[in-house]
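Engineer: In case you want the letters, here they are:
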Amino acid sequence: MLEETLVLFRNIRNPNYDKSLKGYLASGGHKALKQALGMKPDEIVQVVKDSGLRGRGGAGFPTGMKWSFMAKGTGKPSYLVCNADESEPGTCKDRELMLKDPQQFLEGMMIGCFAIGCNHGYIYVRGEYWPSIKSLNAAIDELYEAGILGDNVYGSGFKLDLTVHTGAGAYICGEESALLDSLEGKRGHPRVKPPFPAVSGFNGCPTTVNNVETLACLPYILTEGPEAFKAHGPENNAGTHLVSLSGHVNRPGVYEISMHASIREIIYDLGGGIRGGKALKGVIPGGSSSPVIRADEIDVNYSFDGLSKIGSMMGSSAMMVFDEDTDVVQLLHRITRFYNHESCGQCTPCREGTHWARQILRDFLSGNGSDRKLKRLHRVGQNMSGTTVCALGDAAAFPIMSFVSKFPEEFKNYFESTSPIAA
Amino acid sequence: MFSPDIQKQIDHVLSRYPIRRNALLPILHLAQKDNEGYLTQEVINEVAALCEVTPTHVEGVITFYTMFKLKKPGKYHVQVCTCVPCCLVGGTELLEHTEERLGIHAGYTTDDGVFSIEEMECIGACSYAPAVIVNEDYHEQVTPEKMDQLIEQLRTQA
Numbered sequence: 001m002l003e004e005t006l007v008l009f010r011n012i013r014n015p016n017y018d019k020s021l022k023g024y025l026a027s028g029g030h031k032a033l034k035q036a037l038g039m040k041p042d043e044i045v046q047v048v049k050d051s052g053l054r055g056r057g058g059a060g061f062p063t064g065m066k067w068s069f070m071a072k073g074t075g076k077p078s079y080l081v082c083n084a085d086e087s088e089p090g091t092c093k094d095r096e097l098m099l100k101d102p103q104q105f106l107e108g109m110m111i112g113c114f115a116i117g118c119n120h121g122y123i124y125v126r127g128e129y130w131p132s133i134k135s136l137n138a139a140i141d142e143l144y145e146a147g148i149l150g151d152n153v154y155g156s157g158f159k160l161d162l163t164v165h166t167g168a169g170a171y172i173c174g175e176e177s178a179l180l181d182s183l184e185g186k187r188g189h190p191r192v193k194p195p196f197p198a199v200s201g202f203n204g205c206p207t208t209v210n211n212v213e214t215l216a217c218l219p220y221i222l223t224e225g226p227e228a229f230k231a232h233g234p235e236n237n238a239g240t241h242l243v244s245l246s247g248h249v250n251r252p253g254v255y256e257i258s259m260h261a262s263i264r265e266i267i268y269d270l271g272g273g274i275r276g277g278k279a280l281k282g283v284i285p286g287g288s289s290s291p292v293i294r295a296d297e298i299d300v301n302y303s304f305d306g307l308s309k310i311g312s313m314m315g316s317s318a319m320m321v322f323d324e325d326t327d328v329v330q331l332l333h334r335i336t337r338f339y340n341h342e343s344c345g346q347c348t349p350c351r352e353g354t355h356w357a358r359q360i361l362r363d364f365l366s367g368n369g370s371d372r373k374l375k376r377l378h379r380v381g382q383n384m385s386g387t388t389v390c391a392l393g394d395a396a397a398f399p400i401m402s403f404v405s406k407f408p409e410e411f412k413n414y415f416e417s418t419s420p421i422a423a
Numbered sequence: 424m425f426s427p428d429i430q431k432q433i434d435h436v437l438s439r440y441p442i443r444r445n446a447l448l449p450i451l452h453l454a455q456k457d458n459e460g461y462l463t464q465e466v467i468n469e470v471a472a473l474c475e476v477t478p479t480h481v482e483g484v485i486t487f488y489t490m491f492k493l494k495k496p497g498k499y500h501v502q503v504c505t506c507v508p509c510c511l512v513g514g515t516e517l518l519e520h521t522e523e524r525l526g527i528h529a530g531y532t533t534d535d536g537v538f539s540i541e542e543m544e545c546i547g548a549c550s551y552a553p554a555v556i557v558n559e560d561y562h563e564q565v566t567p568e569k570m571d572q573l574i575e576q577l578r579t580q581a
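Those protein sequences? They're chains A and B, same order as listed. Counting from 1, position 328 in the first sequence corresponds to residue 328 in the numbering used here; the numbering is continuous, with no gaps. Counting from 1, position 157 in the second sequence corresponds to residue 580 in the numbering used here; the numbering is continuous, with no gaps.
Hint data in this document are derived by calculation from the structure and do not stem from the laboratory. Treat each hint with caution, since some may be false.
To be verified - If the Cβ cut is set under 7 Å, some of the chain A residues that face chain B in the computed set are:
hint	residue
1	17
2	19
3	89
4	163
5	184
6	204
7	322
8	325
9	340
10	341
Stated by the list, open to error - Listed below are the simulated DSS-like cross-link pairs for lysine-lysine, each with C-alpha atoms no more than 30 Å apart in a straight line:
hint	chain 1	residue 1	chain 2	residue 2
11	A	186	B	569
12	A	134	B	456
13	B	431	A	22
14	A	76	A	22
15	A	100	B	456
16	A	159	B	431
17	A	159	A	31
18	A	31	A	49
19	B	569	A	373
20	A	49	B	456
To be verified - From the structure, some residues in chain B lie toward chain A, with a derived Cβ separation under 7 Å:
hint	residue
21	506
22	507
23	549
All figures in this text were calculated on a predicted structure; none of them were measured in a lab. The beta-carbon is built from N, C-alpha and C at its ideal position, and this holds for glycine as well.
Work the whole structure out from these sequences, hints included.
Structural biologist: What follows is the structure, given as structure tokens:
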């Protein structure tokens, strides 16, 4: 029976936990921060590299390595920007951290700022997350009042300010370069890379963008050591991660698991199985952009490598479960509608492709599907893959290609039995 | 002219960024809050001057982000999520129910100006679906019955 492994949630799962600064300090908070302030920044980067921490926002890029790319000696300020634009459908893990234990995340943010030499960190929170924004602002105010943030963090001479920046409802701003454009006060259009943000990011200065959960791991890594963190997962998949479980399960929720756990265990042990005792049809394992998997593929590790082995990805570790009664064509139409709405319109393959895919799927739903249209749908998906400035084109294409190849009979049913033409 | 409280918050926001344009999004949120939830040409011009950008730049930004409104919303802006996790557990039906109950489609405001409805893409409450935001507050695992109660409660407050 799979149980949670509590690292990031150790305070949150304590019913008596007081999330204020006082409560956090009483639970052993800021031990890691004080330890970090006594180290050299390069030493912290090395510890994070040793821990094997990989970014929790979707791409799974090694965090320590990302930090080491920061341009040095440019004479410009360096920035750490936290990506709290959690917009991938299915994902609601960062929200838990910001709402229920903001001080833990902020400690991680402060450690990150010190490690890359940033004196003003920005937290880009999606605009709809008013409760999280209020929670973070209150927590930051407490840190200023206690004299921790400001000109001299814990007497180390390190100057640090933190600011919460409010987004305004655009999925694309979760893409790091679009996020930086948005933070600069522009439309959120992804940038052509290189130059990468580590060379030219916020206002043209060296910038690192890290996810909330990634930064929240830092206090644990520093106090318990990189080996303890590594032990929570198979090789190359270090640490616990937060799974946002949603859809047709009995107990949806955000769970913290080690990467040794399998998808089956997450759905049946933590999620309590499928609602109404029905059979499982499939799982979208890592946010709506990850390729769908069928019910017979769920006996794999829910880790970066476990999922890439079966041709999918862990993404933002948002697991959407659907039962045998789900109409996958309708489901794909809903996903495609999302990408069509959220495409920033900069690149033609994505702007036009998401629109065409949505039209074709609408044709299926209105009984006008055909074999030719099914092939065209697949081709539209192919044309979006790898042809755009950012990954939104691929994100829209993955579900299209995977739904069509994993559930071909369901698409055929639409024009072979229900279409007026077929009838 | 902004109200004194909002002006104070705007001044604070401006002090947090290296250049004034960076503060555009947070300032637009504040300006919108100060003007019954939407932005007029007058407000746009004022924000543009504050952030040292052209009004056209501000208009470009406003039309890119869904949270900035050019039309006055209801006193209670009911935002129903129908994205993937919510639609799996009844978000679409909840939106239809809300539309029927209030007698307006998503994107419109009731004649008395109390309610408006918006269909949302993922609002990040997926494990607590179906979810709804009213102004700034989240309501989770909302059933049609709970929605009816919520609407009644808001109507009496209005």
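Engineer: Taking the earlier hints as the rules, which of them does this structure contradict?
Structural biologist: 1, 2, 6, 8, 9, 11, 14, 19 and 20
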